[in-house]
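Undergrad: Protein chains in written order, with the UniProt record's numbering: chain A, 1 to 151; chain B, 1 to 151; chain C, 1 to 151; chain D, 1 to 151.
It is worth saying that the hints were derived from the structure and are not from the lab.
One thing to keep in mind: the hints can contain errors.
Heads up, the list lumps identical chains together, so a pair's fine if it works in one copy or across two of them.
[As the list claims (entries may be wrong)] Only pairs whose alpha carbons sit at most 25 Å apart, straight line, appear in this in silico SDA-like list of lysine to any residue:
{"hint": "1", "residue 1": "Lys110", "residue 2": "Ala95"}
{"hint": "2", "residue 1": "Lys131", "residue 2": "Thr114"}
{"hint": "3", "residue 1": "Lys110", "residue 2": "Ala26"}
{"hint": "4", "residue 1": "Lys110", "residue 2": "Gly128"}
{"hint": "5", "residue 1": "Lys21", "residue 2": "Ala82"}
{"hint": "6", "residue 1": "Lys110", "residue 2": "Gly145"}
{"hint": "7", "residue 1": "Lys7", "residue 2": "Glu100"}
{"hint": "8", "residue 1": "Lys131", "residue 2": "Gly17"}
{"hint": "9", "residue 1": "Lys131", "residue 2": "Ala13"}
Number of protein chains: 4
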Amino acid sequence: MSTNEPKDPAFAARVHGSFAKQGLMATLGARLARVAPGEVEIELPLSPAIAQQHGFAHAGAVAAIADNAAGYAALSLMPPGAGVLTAEFKINLVAPAAGELLLARGRVVKAGRTLTLAQAEVLARQGGREKLVALLTATVMTVEGREGVAD
Amino acid sequence: MSTNEPKDPAFAARVHGSFAKQGLMATLGARLARVAPGEVEIELPLSPAIAQQHGFAHAGAVAAIADNAAGYAALSLMPPGAGVLTAEFKINLVAPAAGELLLARGRVVKAGRTLTLAQAEVLARQGGREKLVALLTATVMTVEGREGVAD
Amino acid sequence: MSTNEPKDPAFAARVHGSFAKQGLMATLGARLARVAPGEVEIELPLSPAIAQQHGFAHAGAVAAIADNAAGYAALSLMPPGAGVLTAEFKINLVAPAAGELLLARGRVVKAGRTLTLAQAEVLARQGGREKLVALLTATVMTVEGREGVAD
Amino acid sequence: MSTNEPKDPAFAARVHGSFAKQGLMATLGARLARVAPGEVEIELPLSPAIAQQHGFAHAGAVAAIADNAAGYAALSLMPPGAGVLTAEFKINLVAPAAGELLLARGRVVKAGRTLTLAQAEVLARQGGREKLVALLTATVMTVEGREGVAD
Chain A
1 MSTNEPKDPA FAARVHGSFA KQGLMATLGA RLARVAPGEV EIELPLSPAI
51 AQQHGFAHAG AVAAIADNAA GYAALSLMPP GAGVLTAEFK INLVAPAAGE
101 LLLARGRVVK AGRTLTLAQA EVLARQGGRE KLVALLTATV MTVEGREGVA
151 D
Chain B
1 MSTNEPKDPA FAARVHGSFA KQGLMATLGA RLARVAPGEV EIELPLSPAI
51 AQQHGFAHAG AVAAIADNAA GYAALSLMPP GAGVLTAEFK INLVAPAAGE
101 LLLARGRVVK AGRTLTLAQA EVLARQGGRE KLVALLTATV MTVEGREGVA
151 D
Chain C
1 MSTNEPKDPA FAARVHGSFA KQGLMATLGA RLARVAPGEV EIELPLSPAI
51 AQQHGFAHAG AVAAIADNAA GYAALSLMPP GAGVLTAEFK INLVAPAAGE
101 LLLARGRVVK AGRTLTLAQA EVLARQGGRE KLVALLTATV MTVEGREGVA
151 D
Chain D
1 MSTNEPKDPA FAARVHGSFA KQGLMATLGA RLARVAPGEV EIELPLSPAI
51 AQQHGFAHAG AVAAIADNAA GYAALSLMPP GAGVLTAEFK INLVAPAAGE
101 LLLARGRVVK AGRTLTLAQA EVLARQGGRE KLVALLTATV MTVEGREGVA
151 D
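Generate the whole structure from the sequences, applying the supplied hints.
TA: If you want it as structure tokens, here you go:
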């Protein structure tokens, strides 16, 4: 649906550098697992520290990695110097997030000059099997020339 | 828009008890600030531990407290024994979440038998002033008779 | 939440002129009922011509007037010459749209330079009573300098 | 992502029958183009009668066929006698809907007992080429035993 030609040859280093600055990812224990042009994967081990009241992963934790996977998929296609901000996202939670690991797979659906549409699936891995637990759709904004907003 | 008559006289204790079981809220440092029938407020001090790459609060942290404020507003009107699950939410991030404290104010828009529509505003408090940073709309499901899913 | 100071003194004529160009509104039978800075109301009589399979108004018809009420509320605050485009919207349908008339009430939540967040409630009027049937949240884009896209 | 085993052997007739009862589809000029288990396609010729102010197809018309494609994809997997209602949908409009024909392609992402998650892409066909113009995500409800709500 998209040619996914990176405008910045250093796109992968840029995504890794930005991810490393996110205090929340360290707090949750999330890890950047894969960066390709227009595609990013993030892993999050399940633990009581990210749980909701029934013991499943909290929708906020699921949304955090899904938003990041979608947003960084968008950033991987942006021109050098631009910053990425999520304008809005929507997430459907289709099954309890239970298992050993959550895996968020983000991809760009349509990259525009100002707005990019990206999606992320979140899968729960349990005993070698993967199950869809959530689907996120995000509108991501390319921000240029705003102080303090790069990558 | 809603009469907001609680079906469970112990609604406040129930919301407090459920919130206390959420590992993610302790991990983020969030606090349940107010519980009324159909209305719940949650506070989250801003810190590098919940930040994204530009130093603002991460959309995932903003979404986590907004989803909780909306979901617990819904739970406060549910019959005893029922559990609450978010089926989906949508959040618009309208300004960078910067300041000392985030305040999520959730309220029920329409309580149905199976599905409840709830909203939450997230405000950032800085130097005594409050500013809207996000607006969330959630579809919350009343779950009855499913093992392990209460409150 | 917003000062709602119009940047164009001719905002009302502009909204009326744009609405009159929308073939779909005439096809559905919708009418622009009120235009104020940051607030727009649209009415749509219920009829079999806009129904879904159970005889209620179709979600597409409900969404059409809600999107317009939100989008025109946004346009009413835009500078002269700018065009309005909906980037995305989300609508929750909380009750069957039955009755004599649907009324969509749009208002701006936060007007930004590029993106405006607007909401619209849709009420169904039946026998002098009004009932909430839908709630829409839209991200509306201000488009400047694009040929063919004004108002 | 889904086995898409129809629970009703008459699923195609059922979708065609329900579509034929929708006054709005006739009013807009839409046509049911394909019905398979968990997948439905709807076509809508572009005309001034469904336009917005710049001459493109109105977001409401785009949403109407996308919601239907997603909803009927869900209905195609529901048990006999059940009715389908859209609880909410979200649509991103990524390009102006211009051309000769709009084509909405809906598919079930996850079919649940009460709630089904479905998506629809809307493509615009112009001179033999297709272009993505919108992406919709819907939460569709299975309604059983409610009078007047079948199919």
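Undergrad: Honestly, which of those hints from before does the structure not fit?
TA: 3, 7, 8, 9
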